[in-house]
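Generate the whole structure from the sequences, applying the supplied hints.
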Amino acid sequence: MGDIPVLQGREVGFWHWLDDSRIQCDLCPRFCKLHEGQRGLCFVRGRLNDTMVLTTYGRSSGYCIDPIEKKPLNHFLPGTPTLSFGTAGCNLACKFCQNWDMTKSRETDELADQASPEDIARAARNLGCKSVAFTYNDPVIFHEYAIDVARACHAVGVRSVAVTAGYVTEEPRREFYQYMDAANVDLKAFTEHFYHKVTGGHLQPVLETLEYIKHETSVWLELTTLLIPGENDSEQELNEMTQWVVEKLGPDVPMHFTAFHPDWKMMDTPPTPPETLTRARKIAMENGVRYAYTGNVHDSSGGSTYCHNCGELLIGRDWYVLGAWNLTDDGHCKSCGTACAGVFEGPPGHWGARRQPVRLSDHRV
Numbered sequence: 001m002g003d004i005p006v007l008q009g010r011e012v013g014f015w016h017w018l019d020d021s022r023i024q025c026d027l028c029p030r031f032c033k034l035h036e037g038q039r040g041l042c043f044v045r046g047r048l049n050d051t052m053v054l055t056t057y058g059r060s061s062g063y064c065i066d067p068i069e070k071k072p073l074n075h076f077l078p079g080t081p082t083l084s085f086g087t088a089g090c091n092l093a094c095k096f097c098q099n100w101d102m103t104k105s106r107e108t109d110e111l112a113d114q115a116s117p118e119d120i121a122r123a124a125r126n127l128g129c130k131s132v133a134f135t136y137n138d139p140v141i142f143h144e145y146a147i148d149v150a151r152a153c154h155a156v157g158v159r160s161v162a163v164t165a166g167y168v169t170e171e172p173r174r175e176f177y178q179y180m181d182a183a184n185v186d187l188k189a190f191t192e193h194f195y196h197k198v199t200g201g202h203l204q205p206v207l208e209t210l211e212y213i214k215h216e217t218s219v220w221l222e223l224t225t226l227l228i229p230g231e232n233d234s235e236q237e238l239n240e241m242t243q244w245v246v247e248k249l250g251p252d253v254p255m256h257f258t259a260f261h262p263d264w265k266m267m268d269t270p271p272t273p274p275e276t277l278t279r280a281r282k283i284a285m286e287n288g289v290r291y292a293y294t295g296n297v298h299d300s301s302g303g304s305t306y307c308h309n310c311g312e313l314l315i316g317r318d319w320y321v322l323g324a325w326n327l328t329d330d331g332h333c334k335s336c337g338t339a340c341a342g343v344f345e346g347p348p349g350h351w352g353a354r355r356q357p358v359r360l361s362d363h364r365v
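Residue numbering for the sequence shown follows the UniProt record's numbering, starting at 1 and increasing by one per position.
Take every hint as true, because none was put in to throw you off.
Heads up, simulated DSBU-like pairs for lysine-lysine below, C-alpha to C-alpha not over 30 Å straight-line:
1) LYS33 <-> LYS197
2) LYS214 <-> LYS197
3) LYS282 <-> LYS214
4) LYS70 <-> LYS334
Just so you know, the hints here were simulated from the structure itself, not pulled from any lab data.
Below, the structure is given as structure tokens:
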């Protein structure tokens, strides 16, 4: 790792002065307290000239067209491509981070590509992407850039997708989700012990984010939980989590249970057995979750969508490739007419499992 780059960036909000002459960042529940020249734990927001700046505005770790199902979003414009990008840094410290090379990066001067919000929106439209996804690292920490990109995308008919851990405070949460069309929130576990020990955060702010998105916005919401053997995969915890989801969010919020593989600071933890994911999916459905999925494993049954009323296969999936399609253009089961929860607009897309790197420089005016 090289030297920490000199602090510079765009002035941003969500902070206030403290009595001891430090300033406090109010973006997330960490509430980092900073002297001049210091950065928060996320490393991309810091104090410069007695204000808060974002060092990664307009800068990215790279752009790629992904299937929307990879986010994962199974009920939001299925089969369509999404232009995905992230920056650097993160406001959590997950020991199992599978994008640690970006989220833990302090080499912000090495971010691969620069682009204005208008550049990104233009590229997404030109490339036929139905959405832009803020992913790879959490858009909470590049709040202002994500919002500006979302605004530019909406102006050209492109949707905005947030892939996030939901670790954010009330005011920025309210502003951020005004501009999002869909979100996949990482509900990492259902115990405060796990959040404190493994992520360095807290559970309650995430639950508040989930309830806010579901009940106070029109954002399409799906959840993901990475099941780690011996950490968050007990039957009791899965029961409590899925019961809470049905009670507080409703039965129509899809849940994705995905497989852990050893990474970052948890290299000695074994991979998740496929049967653990199948068991989690079964528990969720028994507790009333209508759409429960397995992920990071080859399981066409666990990855497919079924009508909660008649049991008909609605969307067949093999990894990210769609097969059977038994929905009307507005998302109703062709067999019994029951609505499948989600955002469906006509026939499915045909992007499949492709992953296509993109150079934004090719789409600048």
